[in-house]
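K.L.:
Taking the hints into account, I'd like the entire structure generated from these sequences.
Chains Z and V are the protein sequences, given in the same order.
Here the first sequence stands for residues 1 to 145, where the numbers follow the working numbering.
Here the second sequence stands for residues 1 to 145, where the numbers follow the working numbering.
Hints are supplied without guarantee of correctness; some may be wrong.
The calculated SDA-like cross-link candidates involving lysine to any residue, where the alpha carbons are at most 20 angstroms apart (straight line), are [unchecked claim]: (1) V:LYS81 x V:ASN103; (2) V:LYS81 x Z:VAL145; (3) V:LYS81 x V:GLY56; (4) V:LYS81 x V:SER144; (5) Z:LYS81 x Z:TRP106; (6) Z:LYS81 x V:SER144; (7) Z:LYS81 x Z:SER136; (8) Z:LYS81 x V:SER134; (9) Z:LYS81 x Z:THR101; (10) V:LYS81 x Z:SER143; (11) V:LYS81 x V:ASN105; (12) V:LYS81 x Z:LEU142; (13) Z:LYS81 x V:VAL145; (14) V:LYS81 x Z:SER144; (15) Z:LYS81 x V:LEU142.
None of these hints come from the bench; they were simulated from the model.
Protein chains: 2
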Amino acid sequence: MDVAKYIPDDLDRRIIAHLRADGRASLSRLSQALGVARGTVQNRLDRLMETGTLLGFTVRVREDYDAQSVRAVMMIEVVGKSTTQVIRRLRGIAEIYSLHTTNGNWDLVANIRASSLSDFDRVLREVRMIDGVSNSETSLLLSSV
Amino acid sequence: MDVAKYIPDDLDRRIIAHLRADGRASLSRLSQALGVARGTVQNRLDRLMETGTLLGFTVRVREDYDAQSVRAVMMIEVVGKSTTQVIRRLRGIAEIYSLHTTNGNWDLVANIRASSLSDFDRVLREVRMIDGVSNSETSLLLSSV
DNA sequence: AGATCATTGATCAATTTGCTCAAAATGCTG
DNA sequence: CAGCATTTTGAGCAAATTGATCAATGATCT
Numbered sequence: 001m002d003v004a005k006y007i008p009d010d011l012d013r014r015i016i017a018h019l020r021a022d023g024r025a026s027l028s029r030l031s032q033a034l035g036v037a038r039g040t041v042q043n044r045l046d047r048l049m050e051t052g053t054l055l056g057f058t059v060r061v062r063e064d065y066d067a068q069s070v071r072a073v074m075m076i077e078v079v080g081k082s083t084t085q086v087i088r089r090l091r092g093i094a095e096i097y098s099l100h101t102t103n104g105n106w107d108l109v110a111n112i113r114a115s116s117l118s119d120f121d122r123v124l125r126e127v128r129m130i131d132g133v134s135n136s137e138t139s140l141l142l143s144s145v
Numbered sequence: 001m002d003v004a005k006y007i008p009d010d011l012d013r014r015i016i017a018h019l020r021a022d023g024r025a026s027l028s029r030l031s032q033a034l035g036v037a038r039g040t041v042q043n044r045l046d047r048l049m050e051t052g053t054l055l056g057f058t059v060r061v062r063e064d065y066d067a068q069s070v071r072a073v074m075m076i077e078v079v080g081k082s083t084t085q086v087i088r089r090l091r092g093i094a095e096i097y098s099l100h101t102t103n104g105n106w107d108l109v110a111n112i113r114a115s116s117l118s119d120f121d122r123v124l125r126e127v128r129m130i131d132g133v134s135n136s137e138t139s140l141l142l143s144s145v
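P.N.:
Written as structure tokens, this is what we have:
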């Protein structure tokens, strides 16, 4: 089975949709809701996991649960053609939760989650010191509104 | 039970930590892993759900699963003291996935997820037309790196 | 038509769940 | 400290769920 290329069909997508709403739904209930045999749901789910389409199950926690965490979004400008190098360096920073290329006034958008303000400050310094980072702008995420 | 003020203790946090890693872990297995009675895990979990500390269970899907979706981060500047009004308007836009106040050069950070470029374009227009929005800067999220 | 693969419905043992109960442990208040 | 309320524990039980297998059926493709 080619992991990289598996494309979920309609039934797969319906299973995923249900699991997104209730990740603990039993296979029996899923099969009822989808009008399909339990074994089918079981096989599909196994395959979705094997192929990496589904990464796993988790719990959704109230946002202020990790109140001690510092979150921010950092816009990064990269000079010349060093983007690949910069990305490699950024990937090594644990506090960078997600990293995307972008097309606006900036080149990269980094999502930062630190456990304290001092950790956060250290991350900012590290990023700015990376060779190839010519400019950056960080916005601390305050309350969720 | 005061929903708003329930503060999870150490056991609660350990349960949540386990469920974050495996949202489908059985209560039996959790009780074993945590060295606590099954009924206790069951009660704790019920309480965490009742109090809203836990919002629900879900499945983690490979990032490129919703390949058709357009994601962006939008920085918004608000003129004067109309922030509350602007927030109310923004909350009414379905494509705004999350919305935070911030402290940088901008006042608000909006996370946008649209299902098509035309939807995305419509969202941008709607936001910019909101009374009180004086400036904005949008960065399309391209590939995740 | 023939070959291959997915789906179905069925069965089975093992596990898990939801629930109750009494005893023990814990925490709090006066 | 004594008394009270809450939580935890271990136990037990019926019902539900799971994981596995099997043969029959259906679908797809050449």
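K.L.:
Each of the hints needs a verdict: does it hold here or not?
P.N.:
Now the hints, each set against the structure:
Distance hint between LYS81 of chain V and ASN103 of chain V is fulfilled; the C-alpha atoms sit about 15 angstroms from each other, no more than 20 angstroms. The hinted pair formed by LYS81 of chain V and VAL145 of chain Z meets the criterion: a straight-line CA distance of about 16 angstroms does not exceed 20 angstroms. Among the hinted pairs, LYS81 of chain V with GLY56 of chain V is inconsistent with the structure: their alpha-carbon atoms are about 36 angstroms apart, more than 20 angstroms. Using a Cα cut-off of 20 angstroms, the hinted pair LYS81 of chain V and SER144 of chain V is violated, with the two alpha carbons roughly 36 angstroms apart.
Taking the CA atoms of LYS81 of chain Z and TRP106 of chain Z, the gap is about 14 angstroms. The hint holds against a cut of 20 angstroms. Straight-line distance between C-alpha atoms of LYS81 of chain Z and SER144 of chain V comes to about 18 angstroms, which keeps the hinted pair within the 20 angstroms bound. Between LYS81 of chain Z and SER136 of chain Z the CA atoms are separated by roughly 17 angstroms; this keeps the pair inside 20 angstroms, and the hint holds. A distance of roughly 34 angstroms separates the Cα atoms of LYS81 of chain Z and SER134 of chain V; the hinted pair therefore is violated under the 20 angstroms criterion.
Restraint check for LYS81 of chain Z and THR101 of chain Z: satisfied, since their Cα atoms lie roughly 13 angstroms apart, inside the 20 angstroms limit. As the CA atoms of LYS81 of chain V and SER143 of chain Z are separated by approximately 17 angstroms, the hinted pair is consistent with the 20 angstroms bound. A threshold of 20 angstroms between alpha carbons decides the hint, and for LYS81 of chain V with ASN105 of chain V the separation of about 16 angstroms falls inside it, so the pair holds. Between LYS81 of chain V and LEU142 of chain Z the CA atoms are separated by roughly 17 angstroms; this keeps the pair inside 20 angstroms, and the hint holds.
For a cut-off of 20 angstroms, the pair hint linking LYS81 of chain Z to VAL145 of chain V stands: about 16 angstroms separates their Cα positions. Simply put, LYS81 of chain V and SER144 of chain Z have alpha-carbon atoms about 18 angstroms apart, close enough for the 20 angstroms limit, and the pair holds. Using a Cα cut-off of 20 angstroms, the hinted pair LYS81 of chain Z and LEU142 of chain V holds, with the two alpha carbons roughly 17 angstroms apart.
Checked against the numbered hints above, the structure violates hints 3, 4 and 8; every other hint is satisfied.
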